[in-house]
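All chains, please: the whole structure from these sequences, using the hints.
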Amino acid sequence: MVEEKKKSKNLVKDISFRVVKASLKAILIYLLYFLVAPMVAPLLGLIPGFMESIEAFIIIYIVLMLLSDLTERTIFQCFFDTARALFFMGYLLFSMGDGVINTTYQNFSLTVNLTLFYTVAVLLSLLGFAKSILQAINFMHERAEASGNLQL
Amino acid sequence: MNVPIRVLGLATSIFWIFLIAFIASAAYSVKDLNFDVGEPQFTTAPGGQLMFSLPLYINNRGYYSLKEFQLSTVFSDAEGSEIARDNTYVAVIPHGENLTIIHNVTLSMDSLLENGEQYLFNDNNLTASVTAGLNFAELFPAQISTNFTYPWGAPFYNFALGQPSFGRFNVTHSLVTVPMSFENHAAFDLVGNIRIELYDGSDALLGESQTIVSAPQQSSYNGDVEFYVPLNVASLSASRSGRFDVYFSTPLFEYGPLVIPYG
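If you read the sequences in order, they're chains A and B.
So in our numbering, spot 135 of the first sequence is number 135, and the numbers just go up one at a time.
One rule links them: number in our numbering = place in the second sequence (from 1) + 1000.
Keep in mind the hints are simulated off the structure, nothing from the lab.
Mixed in with the good hints there might be a few duds.
As the list claims (entries may be wrong) - Which residues of chain A face chain B? A partial, calculated answer using Cβ under 7 angstroms: (1) Val40; (2) Thr103; (3) Asn107; (4) Leu110; (5) Asn113; (6) Leu116; (7) Tyr118; (8) Val120; (9) Leu124; (10) Leu134.
We put the CB at the ideal spot given by N, CA and C, even for glycine.
Structural data, given as structure tokens:
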């Protein structure tokens, strides 16, 4: 009875820790966006609708990150991490296309080649994707190991 | 397996932080870049060429150097045929530096006249296509291009020769006076020689005259051209109608004959 009470207390503690951790991370990410956005606005503001799409991207990214943190140490964390990495790659793919941005302002036509940045960002998100796959494999492996030990 | 996963996560996070910090600082630097364009100037260059000079003032107060700055201008006529093209290249514009670049485009009057004599006698619009490219922060090649029309002022705008008036000079010769006028709309001062041949109705050369003209830019020229024609009844009667053949000779171009009938 005491042990059960202790277990549920630990669970509450664990869940509240996850919530605090997830919230802090989300606030930190949003704060980073809040600080960086005015800096990049003069450049990205030239591309119509780009800043708005970044805002939508940040919201979805934070939601996926929150869910991943809340489901920590479960298989769902791997799903959400994978979804986040895939979402990031998808967003890059759809928003940037071939990495060359063309925009016109009055009589001027501006072309910015972001291919190198695009490549680095995709490679980093691939690393994130690989990490979440490894996490899933590790999770399944540990679970199988634990059930094997129990059977013994 | 936990350790490699954590290391992978940590490495990814560090790279992300570097990338975001770099992007943010590079984008922030853009607002500290200052490009200014000065007043374009036309000057005459030896060899019958016109030099179009465009001063560019670049103040790079950003955090990164600008590399491979390239400015290219193409002048073309109303039909789209290329008249002149020139490039200006600067390898590096270091951060924190002010730089003045003079972008020169050489326009050959001879090649301009190949496209038609209207450039001598009629104002026109030339199309200038300007393309500027640079490599910003070593990672972002950017290019900006624009088209604008450049008004071309004709050096002999509204060139006209009036009706010749005949007067007696001496017992053997008659003095023929022809009023000549034009406006120099060009962006350069005009100094040159105009040679005019006077022909009568039967295509016989009555006389020849040369005049040195000097017309500063955006000014009018009015003068008289005088011919000494041998006094001959036949030629006088024939000279009621005829034509002028006009030859222009300036340090920038040679042109002629321009045929102007009279009578």
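Hints and how they fare:
1. Val40: holds, 4 angstroms
2. Thr103: violated, 10 angstroms
3. Asn107: holds, 5 angstroms
4. Leu110: Holds, about 5 angstroms.
5. Asn113: holds, 4 angstroms
6. Leu116: holds, 5 angstroms
7. Tyr118: At 10 angstroms from the nearest chain B Cβ, Tyr118(A) fails the 7 angstroms test, so the hint is violated.
8. Val120: With a minimum Cβ separation of about 6 angstroms from chain B (threshold 7 angstroms), the hint on Val120(A) holds.
9. Leu124: For Leu124(A), the interface hint holds, since the closest Cβ of chain B sits about 5 angstroms away, which is under 7 angstroms.
10. Leu134: Check passed: Cβ of Leu134(A) comes within 5 angstroms of chain B, closer than 7 angstroms.
Violated hints for the displayed structure, listed by number in ascending order: 2 and 7.
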